[in-house]
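**Q** Chain by chain, the residues run as shown.
2 protein chains.
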Amino acid sequence: MFSFRVIDPPNVEKLLDMKQVIELVERAYLLKAQKEAAVFPMVFHEFSPGKADMDIKSGHLVGADIFGLKLVSWFGDNPAKQLPPLVGFVLVLDSRTGVPIGMMGGEAITLMRTGAAGGIGAKYLARKESEHLLIVGTGHLAPYLIMSTLMLMDHIKKVTVYNHHSLEKARSFCSTISAILKEKFLAPYRDNPVLFERYASRIEQVEFAATDQIQKATGEADIIITATPSRQPIIQKEWVRPGTHFSCIGADLEGKQEIDERIFASARVFVDDVDQAVQVGETEIPIKTGVIERDNIVAEIGSVMLGTTAGRLSDDDITIFDSTGIALQDLITADYILKQAEAKGIGIVANL
Amino acid sequence: MFSFRVIDPPNVEKLLDMKQVIELVERAYLLKAQKEAAVFPMVFHEFSPGKADMDIKSGHLVGADIFGLKLVSWFGDNPAKQLPPLVGFVLVLDSRTGVPIGMMGGEAITLMRTGAAGGIGAKYLARKESEHLLIVGTGHLAPYLIMSTLMLMDHIKKVTVYNHHSLEKARSFCSTISAILKEKFLAPYRDNPVLFERYASRIEQVEFAATDQIQKATGEADIIITATPSRQPIIQKEWVRPGTHFSCIGADLEGKQEIDERIFASARVFVDDVDQAVQVGETEIPIKTGVIERDNIVAEIGSVMLGTTAGRLSDDDITIFDSTGIALQDLITADYILKQAEAKGIGIVANL
Numbered sequence: 001m002f003s004f005r006v007i008d009p010p011n012v013e014k015l016l017d018m019k020q021v022i023e024l025v026e027r028a029y030l031l032k033a034q035k036e037a038a039v040f041p042m043v044f045h046e047f048s049p050g051k052a053d054m055d056i057k058s059g060h061l062v063g064a065d066i067f068g069l070k071l072v073s074w075f076g077d078n079p080a081k082q083l084p085p086l087v088g089f090v091l092v093l094d095s096r097t098g099v100p101i102g103m104m105g106g107e108a109i110t111l112m113r114t115g116a117a118g119g120i121g122a123k124y125l126a127r128k129e130s131e132h133l134l135i136v137g138t139g140h141l142a143p144y145l146i147m148s149t150l151m152l153m154d155h156i157k158k159v160t161v162y163n164h165h166s167l168e169k170a171r172s173f174c175s176t177i178s179a180i181l182k183e184k185f186l187a188p189y190r191d192n193p194v195l196f197e198r199y200a201s202r203i204e205q206v207e208f209a210a211t212d213q214i215q216k217a218t219g220e221a222d223i224i225i226t227a228t229p230s231r232q233p234i235i236q237k238e239w240v241r242p243g244t245h246f247s248c249i250g251a252d253l254e255g256k257q258e259i260d261e262r263i264f265a266s267a268r269v270f271v272d273d274v275d276q277a278v279q280v281g282e283t284e285i286p287i288k289t290g291v292i293e294r295d296n297i298v299a300e301i302g303s304v305m306l307g308t309t310a311g312r313l314s315d316d317d318i319t320i321f322d323s324t325g326i327a328l329q330d331l332i333t334a335d336y337i338l339k340q341a342e343a344k345g346i347g348i349v350a351n352l
Numbered sequence: 001m002f003s004f005r006v007i008d009p010p011n012v013e014k015l016l017d018m019k020q021v022i023e024l025v026e027r028a029y030l031l032k033a034q035k036e037a038a039v040f041p042m043v044f045h046e047f048s049p050g051k052a053d054m055d056i057k058s059g060h061l062v063g064a065d066i067f068g069l070k071l072v073s074w075f076g077d078n079p080a081k082q083l084p085p086l087v088g089f090v091l092v093l094d095s096r097t098g099v100p101i102g103m104m105g106g107e108a109i110t111l112m113r114t115g116a117a118g119g120i121g122a123k124y125l126a127r128k129e130s131e132h133l134l135i136v137g138t139g140h141l142a143p144y145l146i147m148s149t150l151m152l153m154d155h156i157k158k159v160t161v162y163n164h165h166s167l168e169k170a171r172s173f174c175s176t177i178s179a180i181l182k183e184k185f186l187a188p189y190r191d192n193p194v195l196f197e198r199y200a201s202r203i204e205q206v207e208f209a210a211t212d213q214i215q216k217a218t219g220e221a222d223i224i225i226t227a228t229p230s231r232q233p234i235i236q237k238e239w240v241r242p243g244t245h246f247s248c249i250g251a252d253l254e255g256k257q258e259i260d261e262r263i264f265a266s267a268r269v270f271v272d273d274v275d276q277a278v279q280v281g282e283t284e285i286p287i288k289t290g291v292i293e294r295d296n297i298v299a300e301i302g303s304v305m306l307g308t309t310a311g312r313l314s315d316d317d318i319t320i321f322d323s324t325g326i327a328l329q330d331l332i333t334a335d336y337i338l339k340q341a342e343a344k345g346i347g348i349v350a351n352l
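So the protein sequences, as listed, match chains A and B. The opening position of the first sequence corresponds to residue 1 in the UniProt record's numbering, with each subsequent residue numbered one higher. The opening position of the second sequence corresponds to residue 1 in the UniProt record's numbering, with each subsequent residue numbered one higher.
Please note that a few of the clues may not be correct.
As the list makes no split between identical chains, a pair holds if one copy fits it or if it spans any two.
Distance condition first, Cα-Cα at most 27 Å in a straight line; then the derived DSS-like pairs of lysine-lysine [claimed, not checked]: (1) Lys216 <-> Lys184; (2) Lys81 <-> Lys339; (3) Lys14 <-> Lys216; (4) Lys344 <-> Lys184.
Simulated from the structure, these hints should not be mistaken for lab results.
Using the sequences and the hints, build the whole thing.
**A** Structure below.
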């Protein structure tokens, strides 16, 4: 029999902070680049096409001695049943013995690690002095993407917010986002006045502005992060100025697309996982339509961190980070939570 | 948040009985034949070739409104660490909402459902009046395979036991097997004198005999069940008499083989899952060596239960059931355990 720890959602949230998650996700990318990690093939099943599906992403972090999986279900009819449409969990095992260690719901981890990925893309690929961030999409992920980018890019002064369907939603988002960022992300730093003050002032000093002029906003942005469920490009190639960095977050299923595939033709393209990006990421359409080939992907982002591949070559480069989300991000974060929980006696321990 | 139930190993064992598991496994096969079930692609990863691996088998039982997965790790060095070499769990979710329901260790379920499969193969494919069972292999699975076959085949009078490496092990197995069967399988029927008496007398009336004469034993058997980790055929084609039924249980990985591939040429071959049998089952080698083609597999066993495919056509047919083990067997059994546990208030309930 083995002790197996289950952490409830409030404790998962309590044990995570964005600075830590950024470090964890960077470590996962780095281990992958060092061949100290393996992404296993994804299992995908549609229960009812366009209405309900599930996927199982799994992998092995050799360098962290863990393996495991994340299962995420999407049931479009759930809200009518007072249930969330996305439900999932992350489960971690010891890769030296195969023994299960513990599990937890996947929601908070997914939001945090995906948010971290958007900022990490900017950190390694955007121009260091980038001042202007454009966020396309005002859903659950947007605050997480903004926070990680503010933490990682010290010169950001302005965040323009665009919702493809509603200026009103973008305005409403801007009116509450400062308060939301403070509430969601600052609590873990209450005991660390230096960090608390640093992040609080980042949130306070930045200007948030809603727009419905996506062409103009694109032309003014240094960094563009897209996080929508779109299946049609929202941003056209002609609008993009030299030097722009894209972190494309939304595309994680076949057919999803947020930016004009022609942007890829002249951009330096980086991904989190080549196989997955080609299959389901923003990179899928440009390859399927022949705009680029698989070999035109410069590298996985971990290679840039590791220093084996150059990221941006000049201030005029257009760079793209296609983040599809890989199990390694979830596993390393879940493992961190489980270690913290064990040390603090948090969670329910069952025998398995 | 969702309630998620974790059942510990003693309770899993307490909530299972072989008669019930046979019914559950039959139902899983039947649902599959009725296209009320889907087996998802298997994920397999070798941590260290020949020393440590893991697989994730998953699937959907439409008819039972559940889906889920079973993860099994094999770490050959575990015994030196006072850990079992095989470690795993089964996790069940609701296929109407995607909500996780519960989980438990996989050991007892695997033994019970695999044992049940061997007997079910005999029930649907062996001659009804079969009297003589040959068990090849004296490992953990053997008592489970014997018990299910005794429960399902009323005329069995003799069980011959063969261990490919040691007559001594076969003898020792025979000297204790009656007591082991009673201890392992009768407890759940204490409140049901009719069943208790029926199964107790089946165990008492059967003769167990060890042998090291595998050629002779093969020629005398009506039913042969193989459950070894062999990678070389143990039973040759020339030894097999007409009318014999094989339930091949051991082969579940590429390269495993227990019976001469030439036996397949003139046999009626049934499997639990065609894709998996061709990939990793006893059927793999006969197809790879060209003895049969994939189309020579008569059907999945569920079709025989459903009546859409005939099993045995004559008393002289040699029949083979290649059981590789499918997630549906585990899921339906785990779901039964979780429903029983909920009704009885057993297990630990965590928030997920």
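**Q** Against each hint, give a clear statement of whether it holds in the structure.
**A** So, going through the hints one by one against the coordinates:
{"no.": "1", "hint": "Lys216 <-> Lys184", "in the structure": "neither (30 Å within a copy, 74 Å between copies)"}
{"no.": "2", "hint": "Lys81 <-> Lys339", "in the structure": "between (35 Å within a copy, 22 Å between copies)"}
{"no.": "3", "hint": "Lys14 <-> Lys216", "in the structure": "neither (39 Å within a copy, 68 Å between copies)"}
{"no.": "4", "hint": "Lys344 <-> Lys184", "in the structure": "within (22 Å within a copy, 40 Å between copies)"}
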